[in-house]
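Based on the provided sequences and hints, a complete structural model is requested.
These are the residues of each chain, in order.
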Amino acid sequence: MILNGSGCLDALASPEIARTLDAFVTKTVTPQGREGNAPVRIAETDFGMLNSIGLANPGIDQFVVELLPRLAEAEFELWVSVGGFSAGDYAELCARLDERAEIAALELNVSCPNVAEPVETAAEIVAAARSATSKPLYAKLSPSFDVSETARAAQAAGADGLTLINTIKGLALDERTLKPVLASGPGGYSGPALRPVALAAVHAAYRATGLPIVGLGGVESGRHALELIAVGASAVALGTVLFRDPGAPARIRGELEAEAAALGLTSPLHARGIAHDSGLQAFPELTKYVN
Amino acid sequence: MLAAILREWPTAQVAWEAPMACGFGACYGCVVEIGGRLRRLCIEGPVLAAA
Numbered sequence: 001m002i003l004n005g006s007g008c009l010d011a012l013a014s015p016e017i018a019r020t021l022d023a024f025v026t027k028t029v030t031p032q033g034r035e036g037n038a039p040v041r042i043a044e045t046d047f048g049m050l051n052s053i054g055l056a057n058p059g060i061d062q063f064v065v066e067l068l069p070r071l072a073e074a075e076f077e078l079w080v081s082v083g084g085f086s087a088g089d090y091a092e093l094c095a096r097l098d099e100r101a102e103i104a105a106l107e108l109n110v111s112c113p114n115v116a117e118p119v120e121t122a123a124e125i126v127a128a129a130r131s132a133t134s135k136p137l138y139a140k141l142s143p144s145f146d147v148s149e150t151a152r153a154a155q156a157a158g159a160d161g162l163t164l165i166n167t168i169k170g171l172a173l174d175e176r177t178l179k180p181v182l183a184s185g186p187g188g189y190s191g192p193a194l195r196p197v198a199l200a201a202v203h204a205a206y207r208a209t210g211l212p213i214v215g216l217g218g219v220e221s222g223r224h225a226l227e228l229i230a231v232g233a234s235a236v237a238l239g240t241v242l243f244r245d246p247g248a249p250a251r252i253r254g255e256l257e258a259e260a261a262a263l264g265l266t267s268p269l270h271a272r273g274i275a276h277d278s279g280l281q282a283f284p285e286l287t288k289y290v291n
Numbered sequence: 001m002l003a004a005i006l007r008e009w010p011t012a013q014v015a016w017e018a019p020m021a022c023g024f025g026a027c028y029g030c031v032v033e034i035g036g037r038l039r040r041l042c043i044e045g046p047v048l049a050a051a
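Just so you know, the sequences run in chain order A and U.
Residue numbering for the first sequence follows this note's numbering, beginning at 1 and increasing consecutively.
Residue numbering for the second sequence follows this note's numbering, beginning at 1 and increasing consecutively.
Among these hints, one or two may not hold up.
To be verified - Which chain A residues face chain U? A few, computed with CB under 10 Å, are given here: (1) ALA11; (2) SER14; (3) GLU35; (4) GLY36; (5) ALA38; (6) PRO39; (7) ILE42; (8) GLY54; (9) ALA56; (10) VAL181; (11) ARG207; (12) PRO246; (13) GLU257.
What the hints assert, rightly or not - Residues of chain U placed beyond 10 Å of chain A at every Cβ, according to the derived structure: (14) ALA3; (15) LEU6; (16) ARG7; (17) PRO10; (18) GLY45; (19) PRO46; (20) VAL47; (21) ALA49; (22) ALA51.
In case anyone wonders, no lab produced these hints; they're calculated from the structure.
Cβ coordinates follow ideal geometry from the N, Cα and C atoms, glycine included.
In structure tokens form, the structure reads like this:
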């Protein structure tokens, strides 16, 4: 199952790309509309990029009235990412969206590096959201804290799944002036540099919880997707790669199936979690491929 | 420079530039402030009014 990372694709502006996903995740919506952070918001760096958008979005009222009906017309499964500045914000957003049948799942963005954090912990936010909706709830976590502990706490608070990882904090300086490139100073670092960070986080979360996991972080090929599945992801999301290759979902799906087939697996998901066991040696009938 | 352009040509349009990530309206990375509003250059620009 291939999704997009929240904020990396606009299904209304690019429906032809969204159609190549199994599920589309919206940009994070907050209770009030937000212009977002001051520009400059984007910087290229080694092995990836920085962003500091600051959750620009029209707010839940306009989202429900104007965007949701148009998104509901499309044929992809719809996930809505919600964010806020207190546990109450998340509960309010989830309650508003709970009755909307067109929404398959809600993702709680509790890990945006570019805005002020709620005072509550991720688990307290999950608990507040849980009490407001019966929809599947995925908690999108940061790898910058103890992933096992946060993942376990999110599970205990009622999360149905986890999304790992969000961007990590990074900073780039202007070549000439030595001033930060981004107006906000630091931003969220994404792209290929995150692959090993994402693998470690998904590995830890799978071991700690066994929950369904949307794995993301620097995926650019079917092999990268397969590795996330091997450490425990049940779905894979694409983020930064979409910016330079909008055809990535279809390409990576094909590559992933070919990677799995080359290993003798009938489905990529048969590789889920095998990194925790003995890798491909967990399948005695496949030992010819590994020995 | 923009202020000078606006003095001479109040209705001038200019080609704006900003670092751009997605280029198709998704990431809100390439916004510039024009007339108090943030506009995405990739799908609203890059040629927009100077103010």
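Structure-based check of each hint:
The criterion of a C-beta within 10 Å of any C-beta in chain U is met by ALA11 of chain A, whose closest approach is roughly 9 Å, and the hint holds. Using the Cβ-Cβ criterion of 10 Å, the hint placing SER14 of chain A at the interface with chain U is satisfied: the shortest such distance is roughly 5 Å. At a threshold of 10 Å, the smallest CB-CB gap from GLU35 of chain A to chain U is about 5 Å, leaving the interface hint in force. Given hint, GLY36 of chain A at the interface with chain U, holds; its Cβ is 6 Å from that chain's nearest Cβ, closer than 10 Å.
The beta carbon of ALA38 of chain A is positioned within 10 Å of a beta carbon in chain U (closest approach about 8 Å), and the interface hint is therefore held. Satisfaction of the interface hint for PRO39 of chain A is found here, the shortest Cβ-Cβ separation to chain U being roughly 5 Å, below the 10 Å cut-off. Interface hint status for ILE42 of chain A: upheld, as the beta-carbon distance to the closest one in chain U is roughly 4 Å, under 10 Å. Because the beta carbon of GLY54 of chain A sits about 9 Å from the nearest beta carbon in chain U, less than 10 Å, this interface hint is met.
The restraint placing ALA56 of chain A at the interface with chain U holds, with a minimum CB-CB distance near 5 Å, inside the 10 Å limit. Taken as an interface hint, VAL181 of chain A checks out: its beta carbon lies about 8 Å from the nearest beta carbon of chain U, inside 10 Å. Checking ARG207 of chain A against chain U: minimum C-beta separation of about 33 Å lies over 10 Å; hint violated. Checking PRO246 of chain A against chain U by beta carbon gives a least distance of about 7 Å; that is within 10 Å, so the hint holds.
A cut of 10 Å between beta carbons decides the hint on GLU257 of chain A: the least distance to chain U is about 26 Å, and the hint is violated. At roughly 18 Å from the closest C-beta of chain A, the C-beta of ALA3 of chain U stays outside 10 Å, upholding its exclusion from the interface. Against the 10 Å criterion, LEU6 of chain U stays outside the reach of chain A, whose nearest CB is about 19 Å from its own CB. Even its closest Cβ contact with chain A, about 24 Å, leaves ARG7 of chain U beyond 10 Å, as expected for a residue assigned away from the interface.
With a closest Cβ-Cβ approach of about 24 Å to chain A, PRO10 of chain U is found to remain outside the 10 Å limit, as its non-interface label requires. With a least beta-carbon separation of about 13 Å from chain A, GLY45 of chain U lies farther than 10 Å from that chain, consistent with its non-interface assignment. For PRO46 of chain U, the non-interface assignment is confirmed: its Cβ lies about 14 Å from the closest Cβ of chain A, beyond the 10 Å cut-off. Every C-beta of chain A lies more than 10 Å from that of VAL47 of chain U, the closest at about 18 Å, which supports listing it as non-interface.
With a least CB separation of 17 Å from chain A, ALA49 of chain U remains clear of the 10 Å interface cut-off, as annotated. ALA51 of chain U, annotated as away from the interface, keeps every beta carbon of chain A farther than 10 Å; the closest lies near 16 Å.
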